[in-house]
Amino acid sequence: MKKNIIGIAANQHYQNNQDFFDQQFTYSPQGFIDGVHQAGGLPILLPISDPELASDYITSIDKLLLAGGQDVTPFLYNEEPHPKLGQTSIDRDTFEMALIKEAIKQNKPIFTVCRGTQLLNVTLGGTLYQDLAQYPDWEVKHDMFPTVPDFGLHSITVKSESTLAPLFGERAQVNSYHHQAIKDLAESLVPIAWAHDGIIEAVESREKNTKILGVQWHPELTHKNDSKEQSLFDYFVQNFE
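The numbering of the sequence shown is the working numbering, which starts it at 1 and goes up by one.
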């Protein structure tokens, strides 16, 4: 049986170390690789590139996965940078935005995690809280630091009729490792899970023929300890068509 090729949009890291000749590295967290492998998929890294290459990259894969990482550049949703804005990468933002648009155009399923879900929302016309301090009802710890985020910390409520409900039920515990969050949701997306304080924790496409699932937490860090988190990878790789 042919394995589904899962394109994982990669990040870039600068290694300031003479042993590595001060070079840059293209990488993905290992949990995404392992989760896709365990689900029976074939993970392929998509390096940050010219957005004009997005069509070629998407043509070469069956499905697209966007991972976590830097904050999203605020001028992409017409805001000035907040004092608590973290590191950004406009090259990564613009390339991944092009991947999202091309995947939708080519009708390829998309699964997004944390920053990936935030960038998805911005790409489709939504906005973000640059820091949770901007959210007036903030009362849940959404950043587990200094605790390692390899188990569920806070609860989520899941919409009963949604892509997520058969996998997680209507209430579950998830890890949390973010300081930005969805503010104004893009019109083409539907919220399907929320934290206790109302922060959107998962989204899907409003259009039934567009296969998009985005989560705010990090299943790649918990999938080995929690079968429902691995079920996200299983569903995306095997059934999300």
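The set of hints was computed from the structure by calculation and includes no laboratory data. Don't take every hint at face value.
Calculated cross-link-like contacts (lysine-lysine; reagent style BS3-like; alpha-carbon spacing at most 30 Å) [to be verified]:
#1 183 to 159
#2 3 to 183
#3 105 to 183
#4 101 to 159
#5 141 to 3
#6 228 to 3
#7 208 to 108
Label pairs and their in silico Cβ distance ranges [what the hints assert, rightly or not]:
#8 83 to 225: 20 to 28 Å
#9 148 to 105: 32 to 40 Å
#10 47 to 227: 18 to 26 Å
Please read these numbers as outputs of a predicted model, since none were measured by experiment. Even glycine gets a Cβ: it sits at the ideal position worked out from N, Cα and C.
Here's how the hints hold up against the structure:
A hinted pair counts as satisfied when its Cα atoms are at most 30 Å apart, and residue 183 with residue 159 qualifies at roughly 19 Å. Proximity of residue 3 to residue 183 is assessed by CA-CA distance (about 37 Å); at most 30 Å being required, the pair is judged violated. The hinted pair formed by residue 105 and residue 183 meets the criterion: a straight-line CA distance of about 25 Å does not exceed 30 Å. Between residue 101 and residue 159 the alpha-carbon distance is near 26 Å, which keeps this suggested pair within the 30 Å criterion.
At roughly 39 Å between alpha-carbon atoms, residue 141 and residue 3 are farther apart than 30 Å, so this suggested pair is violated. Of the pairs offered as hints, the one joining residue 228 and residue 3 holds, with about 22 Å between alpha carbons and a cut-off of 30 Å not exceeded. Only pairs whose Cα atoms come within 30 Å are accepted, and residue 208 paired with residue 108 is accepted, the gap being roughly 13 Å. Here the CB-CB span from residue 83 to residue 225 is close to 36 Å, at odds with the stated 20 to 28 Å.
Under the hint 32 to 40 Å, the C-beta atoms of residue 148 and residue 105, about 39 Å apart, fit the expected range. Range check, residue 47 to residue 227: Cβ separation about 32 Å, and the 18 to 26 Å hint is violated.
Checked against the numbered hints listed earlier, the structure breaks hints 2, 5, 8, 10; every other hint is satisfied.
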